[in-house]
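*Asks:* Given chain A, put chain B in place with the hints provided.
Protein sequences appear in the order of chains A and B.
Residue numbers for the first sequence follow the numbering used here, beginning at 1 and rising by one.
Residue numbers for the second sequence follow the numbering used here, beginning at 1 and rising by one.
Check the hints yourself; a few may be wrong.
[What the hints assert, rightly or not] In silico EDC-like links for lysine to aspartate or glutamate, alpha-carbon gap of 20 Å or less:
id, chain 1, residue 1, chain 2, residue 2
1, A, K32, B, E37
2, A, K32, A, D124
3, B, K23, A, E246
4, A, K199, B, E15
5, A, K199, A, E70
6, A, K32, B, E22
7, A, K199, B, E9
8, B, K266, A, E70
9, A, K32, B, E15
10, A, K199, B, E399
11, A, K184, B, E399
12, A, K199, B, D397
13, A, K199, B, E404
14, B, K23, A, E45
Just so you know, the hints here were simulated from the structure itself, not pulled from any lab data.
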Amino acid sequence: MKVVVCTKQTPSTTAVFSVENGHVNWEDPGGKPNVVNPWDEYAIEQAIQIQEEHGGDAIALSMGTEESKEALKTCLAMGCTEAILIADEAFQGSDTLGTARVLAAAIAKMEDVQIALFGKQAIDGDTGQTPVQVAVKLGWTPLTFVSGIKELNPDEGTITVERLLPGGKETVIAKLPVVISVVKELNDPRYPSFMGIRKANRATIPTWTAADLAIESGTAGASASKVDWSNVSELPPRDTEVEIIEADTVQEQARILVDRLFEEKVI
Amino acid sequence: MLDFSLTDEQISAAEMVREFAEKEVYPTIGEYDRKQEMNPAVLPRMGELGILGINIPVRYGGQGFDYVTLGLVCEELERVDSTLRVVMSVHMGLNSMGLLQWGTEEQKHHFLAPQARGEKIAAFGLTEPGAGSDVAALRSTARRDGDDYIINGEKMWISLATKADHILWFAKTDPDAEPAHKSITAFMVEADMPGVTSGDIHGKLGVRAGSTGWVNCKDVRVPAFNRIGHEGEGFKIAMSCLDNGRYTVGSGATGLIRASLEASIKYAQERETFGEPIAQHQLIQQKLAYMQQWYDAARLLYLRAGWMKNEGIRNTRETSVAKWYATDMSFQAAHEAVQVHGAYGYSDEYDVERFLRNSRGAIIYEGTSEIHQLMQAGYALGWRRDKPLRCELPAYDPEYWQAEA
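So here's chain A without its partners, still in its complex pose (with noise of 0.2 Å):
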């Protein structure tokens, strides 16, 4: 079985964030400042276990620069492989669908892949699309915030998934191939292994361009994004006050409390 896991570098959780000149800036003092999408690790680890479980690859792919090697170098620490990075400069700028063009592309040019591994958002982004639109793109079944894999039959090309959704959880039934959303709930992805960490620092990761994925110029990157990144202004700091609330019993401060929340509208 061939499972692709799509990862996306991106600011660490604990990065500092500084907008100077419409442009943003980030660093984190107490370690890297860019890591593999935490969301992503759920997805990783889930394609390592298919293919410990069922055997083929477990392939880590990547569109960002140069640097996004980083995050595929976890992957393959963590036990991928194989990891393939998508750099090219017409691709910068790209918008969720620009990007889902791209990376159903890749998918595509791999052949017989069966399932198709995505965190349910990014954390820098946080739209949760670009799932989708590749499942879209490929022609495949969308099955997002997936929770538990309960059955995935190779034989057959089925697979069962527990959906986590607002109102609960749904169980469904999807012909393979798919493309997969997951949400934290799934597994308890693993670290990268002292011996994996050897073999990623080891590894060829190989770069595809638009040219190697026959991308026509003007479906990705800047030109075709919908989404303007040119000017990033940061948010206006929120005003704030403290009110303590004083009385001589805590139903009394209660009272008051409910009092005052009826006041500003918030219940």
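*Replies:* Same frame as chain A, but now just chain B:
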């Protein structure tokens, strides 16, 4: 040419260990510290993840990383809690690396490989109720009896006393020998051998989430196969084990300085007095500046020792100065960190209280600061020179280390 850079492999390995310590140990460390118990998941997880065999060659069950990585790992572990690094000091520095240096090929396969895989936990039995810095005064005995030795004696202040399967035990084969240290011999005592008993000590100032205790041998029959090195070679073995144990203590204490610095930077920017964050006050800044200086110097000292180990250069003096400096300064840094935190630093609500208690022990164990001062003075005066050993710690050879066999 000097090169201060670390390899991607070294950095990634340290990051992995940091993630483990932060995610799996930190959340409950306060609770276990207060209970004076070791988190039962720690040793199995460190074994599973390969941390217990990080710098042992793959052919002996290890992960094949170098000695510098061991130092980085210890720094990350002690940044979260000293008890984690203590595991590395006794299991790896004082026992496994002793086997790597002095064990026969058969002993490496029999004892070292299961230790490196984390299947067996290792400890170091040198200190006795009446013998600490004065090693030659130890009273444990080992009497030859056919193909075996009969061991009697008691060891005290032994880290992992009740958790260890293999204890590197130092005993005298001739209690009347002169000079006394020349009859010390090393044995691998196995905890399940009849006559071995152990217990934990409670009421310690620090490292409360770890196991420290006593081990007693009463007429314990140990096969001659378990003797490490020759008869009478035990003192040299103990000292070379300390060259490695002290390296883990020094690099770990460097992590404790970093932890104190990080906690102080965070608190100094949050806590306000006189209408501004205390980081604005120059005397607080001075404390942060010193902690940074201590951290940088301690790190450079241990990395130098690690580099020398990689190169196969004798490093007794350099390791000693790294251990002495880092442990003294980790106590100082924790003390200043408590001061930065004010009254809150005095309660276990904040980590710095634990840092201060944990830092104190390392100024005593694996050579008190006074012993290290005597050593440094001895080298400076030319009274002390390191003679070549029959078995030296092997230099790090990536090809040999990483090959399956």
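*Asks:* State for each hint whether it applies.
*Replies:* Status of the hints after comparison with the structure:
1. A:K32 - B:E37: Not satisfied, since the Cα-Cα distance of roughly 34 Å exceeds 20 Å.
2. A:K32 - A:D124: With Cα atoms ~16 Å apart, A:K32 and A:D124 stay inside 20 Å; holds.
3. B:K23 - A:E246: violated, 39 Å
4. A:K199 - B:E15: Given that 20 Å is the threshold and the Cα spacing comes to 16 Å, the pair holds.
5. A:K199 - A:E70: Roughly 13 Å between the alpha carbons, so the hint for A:K199 and A:E70 holds.
6. A:K32 - B:E22: holds, 16 Å
7. A:K199 - B:E9: Holds, at about 9 Å.
8. B:K266 - A:E70: violated, 28 Å
9. A:K32 - B:E15: Holds, because 10 Å separates the two Cα atoms, which is no more than 20 Å.
10. A:K199 - B:E399: holds, 14 Å
11. A:K184 - B:E399: With a Cα-Cα distance of about 39 Å, the restraint between A:K184 and B:E399 is violated, given a limit of 20 Å.
12. A:K199 - B:D397: holds, 17 Å
13. A:K199 - B:E404: Holds: A:K199 and B:E404 sit about 14 Å apart, inside 20 Å.
14. B:K23 - A:E45: Since the Cα atoms of B:K23 and A:E45 sit roughly 17 Å apart, the hinted pair holds (cutoff 20 Å).
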